[in-house]
Amino acid sequence: MTVGWVDVDGERYPATDGEKVRDERVVDGLRLWHPRRSKASAALVKGVDIPLEDARVLYLGGGAGTTPSYFADAARAVYAVEFAPSPASRLVDVAGTRDRLFPVFADARKPSVYAGIVEGVDVLYQDVATRGQADVAVKNAPFVRDGGRVYVVVKARSEDVTAEPEEKYEEVADRMEDAYDVDRTVDLSPFYDDHAVVIARR
Amino acid sequence: MTWYERGTDADAVTEELDEGGEPDARDLPGDAVESGVFGTRDGYYDALHQATVETARRRVDEAVDTAERDVINAVRTLETVGDSLNELDERTRDWREETDRVPVEGVVEGRNALEEARDETRGFIEERTPELAPNLSNLADPVLAARLIALAGGLDELARMPSSTVQVLGAEDALFRHLRGDAPPPKHGVIYVHPYVRGTREDERGSAARAVAGKLTIAARVDRYAGDLRPQLADELDEKMERIQGRDDG
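Protein chains in written order, with the working numbering: chain A, 1 to 202; chain B, 1001 to 1250.
Chain A with its partners taken away, still in its complex shape (with noise of 0.2 Å):
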């Protein structure tokens, strides 16, 4: 149950043991996270550290459900909210192969409809690819316990597409004091373009 490490021509790849799901390739056993394929695998390989073994984890836009298997494979639950229909059709598939992967299929603004769902949490990871990421994070904060650690994924240009992107991400870690302490940003560069990830603590 936690995240691993595996070498495989001349580069390393966070992996985890856990049913396969779609085409993804499988080391040893071990379920490669392909950091093109997953920002929070980005994450991990720039240095990143998301605590997911043993963890309760509310993750904000759950697209398709890749990544939220992922953190599935390691964490102790995990809440993957996802509004848009397509995306929660293929969440809904996955989160049917794993035990502590529960898909919540609501709009992540509104967090008080899944109030009575979503238990307290140690880590909050946010990849909502919608104007006002910020608030997103800021109205989610009271599910996240004292000392929870918190991710928002910026995407730069569903903010503004003439800003800087890092004007932008300093924008979102600005507004998000409001509700967390932010650590730092690490920009996902080189395999996501104009994408960072900003880290805090409640």
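It should be emphasised that the hints constitute simulated quantities derived from the structure, not laboratory data.
A couple of the hints might just be wrong.
Using C-beta positions, here's what the derived DEER-type ranges look like [unchecked claim]:
| # | chain 1 | residue 1 | chain 2 | residue 2 | range |
| --- | --- | --- | --- | --- | --- |
| 1 | B | D1027 | A | E167 | 34 to 42 Å |
| 2 | A | E167 | B | N1073 | 37 to 45 Å |
| 3 | A | D178 | B | S1163 | 46 to 54 Å |
Derived lysine to aspartate or glutamate pairs resembling EDC-like cross-links, with alpha carbons at most 20 Å apart [unchecked claim]:
| # | chain 1 | residue 1 | chain 2 | residue 2 |
| --- | --- | --- | --- | --- |
| 4 | A | K46 | A | D9 |
| 5 | B | K1187 | B | E1204 |
| 6 | A | K110 | B | D1018 |
| 7 | A | K155 | B | E1127 |
| 8 | A | K139 | A | D107 |
| 9 | A | K139 | B | E1019 |
| 10 | A | K110 | B | E1022 |
| 11 | A | K20 | B | D1228 |
| 12 | A | K110 | B | D1024 |
| 13 | A | K139 | B | D1018 |
| 14 | A | K46 | A | D7 |
| 15 | A | K155 | B | E1131 |
| 16 | A | K139 | B | E1022 |
| 17 | A | K110 | B | E1019 |
| 18 | A | K46 | A | E11 |
| 19 | A | K20 | A | D93 |
| 20 | A | K155 | B | D1228 |
| 21 | A | K46 | A | D187 |
| 22 | B | K1187 | B | E1202 |
| 23 | A | K139 | B | D1024 |
| 24 | A | K168 | A | D193 |
| 25 | A | K139 | B | D1027 |
| 26 | A | K155 | A | D187 |
| 27 | A | K46 | A | E166 |
| 28 | A | K110 | B | E1015 |
| 29 | A | K20 | A | D7 |
Far from chain B by the CB rule (all over 10 Å, computed), these chain A residues [unchecked claim]:
| # | residue |
| --- | --- |
| 30 | G10 |
| 31 | G29 |
| 32 | A55 |
| 33 | E167 |
Backbone N, C-alpha and C fix where the C-beta goes; we use that ideal spot for every residue, glycine too.
Model the placement of chain B on the given structure of chain A, informed by the hints.
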């Protein structure tokens, strides 16, 4: 309130989602065990898993169905509105040529309202189709993607079609003429509007249509069965088209 205070199945989760509450960091599994609803934390998680998967499955299926119907109806509406607008413009042009003006104000207003309806409908399609079919919308434009989905009768149907059928979707009349022995087979249906088909010179257009249809078919299958956006599909089509368009016409 919490879901387990309403029951222990999907109905309880559904009810809780509809009611909502104040977000907080409560230890729900611990509370549930303490209140005696569940014997163990694992028991709590097992019940929650079954209930959330069942609830999400039902709601997501409904939402996907609605999203698809919206896209199909919108693209059919776009066609109807576009045709009406063209016809009306033609009619009023004749009128203007004869008398230099159109003295019925409502006709002019109605024409402008139609134009607004067309633009709004197109905007709706451009927003919604990528959510339903991200890869198809990336390879074609969202309006063409929506037309293909509508012609097939749904994304599921489109994903099950061989690419040779996708290639001639929208050219059914020409196809039946061909099957009766009255005409050569159609090279393309609505995918003609794709820049890679229209923009390829005539002697290679059949190859272009085949290549585009092949990649769009794969895109539809990825959208239906995987759902994630794969930019490499567009790169692959670009490469293939470069080869086709670069063929020596010697």
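Cross-check of the supplied hints:
1. D1027(B) - E167(A): 34 to 42 Å: holds (40 Å)
2. E167(A) - N1073(B): 37 to 45 Å: The hinted range 37 to 45 Å holds for E167(A) and N1073(B), with Cβ atoms some 41 Å apart.
3. D178(A) - S1163(B): 46 to 54 Å: holds (52 Å)
4. K46(A) - D9(A): This hinted pair holds, its Cα atoms lying about 18 Å apart.
5. K1187(B) - E1204(B): holds (11 Å)
6. K110(A) - D1018(B): This hinted pair holds, its Cα atoms lying about 12 Å apart.
7. K155(A) - E1127(B): It holds: about 18 Å lies between the C-alpha atoms, which stays within 20 Å.
8. K139(A) - D107(A): Between K139(A) and D107(A) the Cα gap is close to 12 Å, so the pair holds against 20 Å.
9. K139(A) - E1019(B): This hinted pair holds, its Cα atoms lying about 18 Å apart.
10. K110(A) - E1022(B): The given pair, whose Cα atoms are some 11 Å apart, holds under the 20 Å limit.
11. K20(A) - D1228(B): holds (16 Å)
12. K110(A) - D1024(B): Satisfied, since the Cα-Cα distance of roughly 13 Å is no more than 20 Å.
13. K139(A) - D1018(B): holds (19 Å)
14. K46(A) - D7(A): Satisfied, since the Cα-Cα distance of roughly 15 Å is no more than 20 Å.
15. K155(A) - E1131(B): Given that 20 Å is the threshold and the Cα spacing comes to 17 Å, the pair holds.
16. K139(A) - E1022(B): Within the cut-off at roughly 11 Å; holds.
17. K110(A) - E1019(B): holds (12 Å)
18. K46(A) - E11(A): holds (12 Å)
19. K20(A) - D93(A): Judged against 20 Å, a Cα distance of about 12 Å means the pair holds.
20. K155(A) - D1228(B): holds (17 Å)
21. K46(A) - D187(A): Judged against 20 Å, a Cα distance of about 9 Å means the pair holds.
22. K1187(B) - E1202(B): holds (11 Å)
23. K139(A) - D1024(B): holds (11 Å)
24. K168(A) - D193(A): holds (14 Å)
25. K139(A) - D1027(B): holds (19 Å)
26. K155(A) - D187(A): holds (10 Å)
27. K46(A) - E166(A): Distance ~17 Å between K46(A) and E166(A) Cα, so the pair holds.
28. K110(A) - E1015(B): With Cα atoms ~16 Å apart, K110(A) and E1015(B) stay inside 20 Å; holds.
29. K20(A) - D7(A): holds (19 Å)
30. G10: Check passes; 21 Å lies beyond 10 Å.
31. G29: The assertion about G29(A) holds, with a minimum of 23 Å to chain B.
32. A55: Holds, since 13 Å exceeds 10 Å.
33. E167: holds (26 Å)
Hint compliance for this structure: no hint is broken.
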